[in-house]
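Can you make the complete structure from the sequences, with help from the hints?
From first to last, the protein sequence lines are chains A and B.
Going by our numbering, the final residue of the first sequence carries number 112, and the count climbs one at a time with no gaps.
Going by our numbering, the final residue of the second sequence carries number 1115, and the count climbs one at a time with no gaps.
Mixed in with the good hints, there may be bad ones.
[Claimed, not checked] Within a straight-line C-alpha distance of at most 30 Å, the following computed DSSO-like cross-link-like pairs (lysine-lysine) qualify: (1) B:K1062 / B:K1044; (2) A:K69 / B:K1044; (3) B:K1044 / A:K58; (4) A:K22 / A:K77; (5) B:K1027 / B:K1044; (6) B:K1027 / A:K49; (7) B:K1051 / A:K49; (8) A:K58 / B:K1027; (9) A:K49 / A:K111; (10) B:K1051 / A:K77; (11) A:K49 / A:K77; (12) A:K111 / A:K58; (13) B:K1051 / A:K22; (14) B:K1044 / A:K107; (15) A:K111 / A:K22; (16) B:K1051 / B:K1062; (17) B:K1044 / A:K49; (18) A:K49 / A:K69.
[Stated by the list, open to error] In silico negatives: residues of chain A with every beta carbon more than 12 Å from chain B: (19) V11; (20) L19; (21) T24; (22) Y32; (23) Q71; (24) T72; (25) H75.
It should be emphasised that the hints constitute simulated quantities derived from the structure, not laboratory data.
A virtual CB, placed ideally from N, CA and C, is assigned to each residue, including glycine.
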Amino acid sequence: AQSVAQPEDQVNVAEGNPLTVKCTYSVSGNPYLFWYVQYPNRGLQFLLKYITGDNLVKGSYGFEAEFNKSQTSFHLKKPSALVSDSALYFCAVRDGNYQLIWGAGTKLIIKP
Amino acid sequence: NAGVMQNPRHLVRRRGQEARLRCSPMKGHSHVYWYRQLPEEGLKFMVYLQKENIIDESGMPKERFSAEFPKEGPSILRIQQVVRGDSAAYFCASSVQGASSYEQYFGPGTRLTVT
Chain A
1 AQSVAQPEDQ VNVAEGNPLT VKCTYSVSGN PYLFWYVQYP NRGLQFLLKY ITGDNLVKGS
61 YGFEAEFNKS QTSFHLKKPS ALVSDSALYF CAVRDGNYQL IWGAGTKLII KP
Chain B
1001 NAGVMQNPRH LVRRRGQEAR LRCSPMKGHS HVYWYRQLPE EGLKFMVYLQ KENIIDESGM
1061 PKERFSAEFP KEGPSILRIQ QVVRGDSAAY FCASSVQGAS SYEQYFGPGT RLTVT
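This is how it looks when you write it as structure tokens:
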């Protein structure tokens, strides 16, 4: 069965430091992987996706993610965190079916 | 290009009433998805529709919930005889195609409170 795990409920990072939000997945076929961000009382905004090709994917707001097939991971990264990056981050996966399977979310807190 | 529109943004219903949630997809998008989000939780897929067709409703409760996406007008998620457990944020998303590689764009959500 498909599944997505975000092992950290919360990640705390000082402003200016690099950040990583972890995501691992389990699918039966080729994965299509997505990251979304949700600000308080708002809908989700698409950040980036991996479909095929280069394992390092660049997205919106300076975020990037690295696809690692052997570790079945798709960690979200940013070289230098901003306070405005504080939000809830969701990883999601599809394997050719219609449904997006979502992780439980990771709350990212960037401290000034 | 307007994004995905949802209305109302907030909806309060008493137990036993009906709730109707509306979603207008992005212009040019003909694929609509509905999700439910409970507080501090991720999204749960409910239903996937194309115009006049329900493609996948495997995430929808068998009773009291229904969805449609008519040829004209918005997609509607209908909850009959609401109960307190239906209180949640309901998000609609749309995509230009239904293939797995296409990202979905989300509306701001409708927050349903059942009193």
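Hint by hint, here is what the structure shows:
no., hint, verdict
1, B:K1062 / B:K1044, "holds, 15 Å"
2, A:K69 / B:K1044, "holds, 25 Å"
3, B:K1044 / A:K58, "holds, 26 Å"
4, A:K22 / A:K77, "holds, 9 Å"
5, B:K1027 / B:K1044, "holds, 25 Å"
6, B:K1027 / A:K49, "holds, 22 Å"
7, B:K1051 / A:K49, "holds, 26 Å"
8, A:K58 / B:K1027, "holds, 26 Å"
9, A:K49 / A:K111, "holds, 27 Å"
10, B:K1051 / A:K77, "violated, 37 Å"
11, A:K49 / A:K77, "holds, 13 Å"
12, A:K111 / A:K58, "holds, 24 Å"
13, B:K1051 / A:K22, "violated, 36 Å"
14, B:K1044 / A:K107, "holds, 18 Å"
15, A:K111 / A:K22, "holds, 19 Å"
16, B:K1051 / B:K1062, "holds, 21 Å"
17, B:K1044 / A:K49, "holds, 19 Å"
18, A:K49 / A:K69, "holds, 15 Å"
19, V11, "holds, 15 Å"
20, L19, "holds, 20 Å"
21, T24, "holds, 15 Å"
22, Y32, "violated, 5 Å"
23, Q71, "holds, 21 Å"
24, T72, "holds, 17 Å"
25, H75, "holds, 17 Å"
When the structure is compared with the earlier hints, violations turn up for hints 10, 13, 22 and for no others.
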